[in-house]
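Engineer: Protein chains in written order, with the numbering used here: chain R, 1 to 256; chain D, 1001 to 1282.
Any given hint might turn out to be false.
Residues from chain D shown here face chain R by an in silico Cβ test under 8 Å; the list is partial [to be verified]: (1) Ile1014; (2) Gly1075; (3) Ile1078.
Cut-off 30 Å, straight-line C-alpha distance, at most; resulting in silico cross-link-like pairs (BS3-like, lysine-lysine) [claimed, not checked]: (4) D/Lys1189 with R/Lys10; (5) R/Lys3 with D/Lys1049; (6) D/Lys1247 with D/Lys1049; (7) R/Lys3 with D/Lys1127.
Short, incomplete list of chain R residues facing chain D, as computed with Cβ under 7 Å [unchecked claim]: (8) Phe13; (9) Leu14; (10) Gln17; (11) Arg21; (12) Thr24; (13) Ile94; (14) Ile98; (15) Asn99; (16) Phe167; (17) Asp169; (18) Val244; (19) Lys246; (20) His248; (21) Tyr254.
Rather than coming from a laboratory, the hints here were simulated on the basis of the structure. Predicted model only: the values in this text are computed from it and were never measured. Every residue, glycine too, gets a C-beta built ideally from N, C-alpha and C.
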Amino acid sequence: MEKLLHNLKKNRFLFEQLVHRDFTQKYKRSILGMGWSVLSPLLTLLIMKIIFTEFFAKDIPHYTIYLFSGNIILSYYKEATKNGMNSLVDNAKIFTKINVPKYMFLLSKNVSALVNFGLTLIVYFMFCIIDGITFHPRMLLLVYPVLCLMLFNIGVGLVLSAMFVFFRDVRYLYDVFLTLITYLSAVFYSVDKFSFKRMFLCNPVYVYIKYFRTIVIDGKIPSLSYHLLCAFYAVIFIIIGAIVYKKHNHSFLYYL
Amino acid sequence: MSVIDCNKVSIRYITGDFKAIGLKEYLIRKLTHKYHVTEFWADKDVTFKLEKGDMLGIIGANGAGKSTLLKAVTGIMIPTYGSLTTHGTIAALLELGSGFDDDMTVKENAYLRGALLGYTHEFMDEKYNEIIEFAELQDFQEYQFKQLSSGMKSRLAFSIACLVNPDIIILDEVLSVGDGAFRKKSGDKMKEILDSGVTGILVSHTIDQIRELCNKVLWLDHGKQIAFTDEVELYCDAYEEFLMTKKLPKKRQDIDNLAEGHLVRVQAEEEERAKARAKGKI
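In isolation and in its complexed conformation, chain R is listed as follows:
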């Protein structure tokens, strides 16, 4: 742990530079680039709202916010893990020539995704106002699931980026998986009608979405065990990711 902190301190400059690079690459110095990352989830929201209101809105209060909560969490997860997956392969030219800590590439990608998420979150709260949701200090608790999700995303990114080095079809398999998780995360429907609704808690993305909805829409604070569940997913994936990196750190080279 102490070593990790020391490394982070030593690598701060590298980290800043990589984040700067990722932002430049992403937005190509255009103003619209930044705006697009807010606009695109709004478009998704609009379409979903138009189509699904007919089917689900009468059973779910604040349906727009219900949709929006699901959408922003899910797209944050998708963006962070997909970019994370590419982080090693994209930077292969660098770390096969220069001795740098490889996880830095992943971390900087995660920062871009987090900033994007932050932007959509601002719009999200604006929608909350429009939808007549009253703000309450308990909303500050939303920091907690965001923190857990961030760690979770890093953990998943560690595993995926390593797998992507070894197997290039992981990209396509992961796309399939993302489609599945989109439908399994109850973005636009309610789980109440299912007899096995507890099974949804096996899906970490759903867990984080539900946390948001409980706080924002229901105005309640989730139970302690629910908090533990959030942390559990984050920690377990960070640990798995760290083990994978530790084990394969020096064999990535053979595959690139």
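Position chain D against the provided structure of chain R, taking the given hints into account.
Structural biologist: For chain D alone, kept in the frame of chain R given last:
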């Protein structure tokens, strides 16, 4: 204390068709027992020690394990067996041009490269002007990197890597970059670094460079260490003869014979040339 201590280093490489296959194919091959990976030793029991100020030349044909060994010294690879310790900062000049970002400006790329090489922010602030000046890119600082010529790119890379006064310098066929005037300038800078008491490793296929710059020689062949010695001239002679005859020396006597063979050959060639010249005159 040695600056570089390489003790019985062996590095195993894996090859096979694992690179191209995907996860699905991998699982099927695993299940049908058709998944094969072959291993080979890129380096086997390589041992050498360098003190401060030493300049080591690594010689050997393609596939001898030279580049792999350099990667191990820089810490990109770790030895499968054996131990390798280094003391001090390492500057490695391997394939200078790659790893820059096309959309960023020259200045941003300079900072990024500095960060990748492990410099601090303060250090870059302090050295930045010197780097740009040396690379002769003052007028191009805010240009996007893709707008530069490849010569300019390697000039920048060279400047960043070389203006740091490293303790250990690693050169893979790179001694100078650019064209004309810059070639001389970078060559001079390299000499200056080498004269400053730096410890270095040079991989080169130009034997004369090794003779000129190195005081120690490591001879590798298919990963095996043929020799580590400070008799640079003798072993360079022997190596050049080996390249002609392809007879690998087994004992000390062979080296002497090879070296002698080389001298004889060189002398013969010179006589030949002298004759040709004489003929030409007539």
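Engineer: Next step is simple, just say for each hint if it's right about the structure.
Structural biologist: Here is what the structure says about each hint:
Interface hint status for D/Ile1014: upheld, as the beta-carbon distance to the closest one in chain R is roughly 5 Å, under 8 Å. With a least beta-carbon distance of about 4 Å to chain R, the hint placing D/Gly1075 at the interface is held under the 8 Å criterion. For D/Ile1078, the interface hint holds, the least distance from its beta-carbon to any beta-carbon of chain R being 5 Å, beneath 8 Å. In summary, the hint linking D/Lys1189 to R/Lys10 is supported, as the alpha carbons are separated by about 29 Å, within the 30 Å threshold.
Restraint check: the Cα-Cα separation between R/Lys3 and D/Lys1049 comes to about 29 Å, which is no more than 30 Å; the hinted pair holds. Restraint check for D/Lys1247 and D/Lys1049: the C-alpha separation of about 27 Å stays at or below 30 Å, so the hint holds. With a C-alpha separation of about 29 Å, the suggested pair R/Lys3 and D/Lys1127 falls inside the 30 Å cut-off, and the hint holds. Interface restraint check: R/Phe13 against chain D, minimum CB-CB distance 5 Å, threshold 7 Å, status holds.
Restraint check, R/Leu14 versus chain D: the minimum CB separation of about 4 Å is within 7 Å; hint holds. Interface hint status for R/Gln17: upheld, as the beta-carbon distance to the closest one in chain D is roughly 4 Å, under 7 Å. The beta carbon of R/Arg21 comes within 6 Å of a beta carbon in chain D, closer than 7 Å, and the hint placing it at the interface holds. The beta carbon of R/Thr24 is positioned within 7 Å of a beta carbon in chain D (closest approach about 5 Å), and the interface hint is therefore held.
A cut of 7 Å between beta carbons decides the hint on R/Ile94: the least distance to chain D is about 4 Å, and the hint holds. With a cut of 7 Å, the hint placing R/Ile98 at the interface with chain D holds, because the nearest CB-to-CB distance is about 5 Å. Among the interface hints, the one on R/Asn99 holds; its C-beta lies about 4 Å from the nearest C-beta in chain D, closer than the 7 Å criterion. Satisfaction of the interface hint for R/Phe167 is found here, the shortest Cβ-Cβ separation to chain D being roughly 4 Å, below the 7 Å cut-off.
Interface hint at R/Asp169: satisfied, since its Cβ lies 3 Å from the closest Cβ of chain D, which is below the 7 Å cut-off. The interface hint given for R/Val244 is violated, since its Cβ lies 15 Å from the closest Cβ of chain D, which is over the 7 Å cut-off. Of the supplied interface hints, the one on R/Lys246 is violated, with its beta-carbon coming no nearer than about 12 Å to a beta-carbon of chain D, more than 7 Å. Here the hint on R/His248 is broken, as its CB sits about 12 Å from the closest CB of chain D, past 7 Å.
Given hint, R/Tyr254 at the interface with chain D, holds; its Cβ is 5 Å from that chain's nearest Cβ, closer than 7 Å.
Checked against the numbered hints listed earlier, the structure breaks hints 18, 19, 20; every other hint is satisfied.
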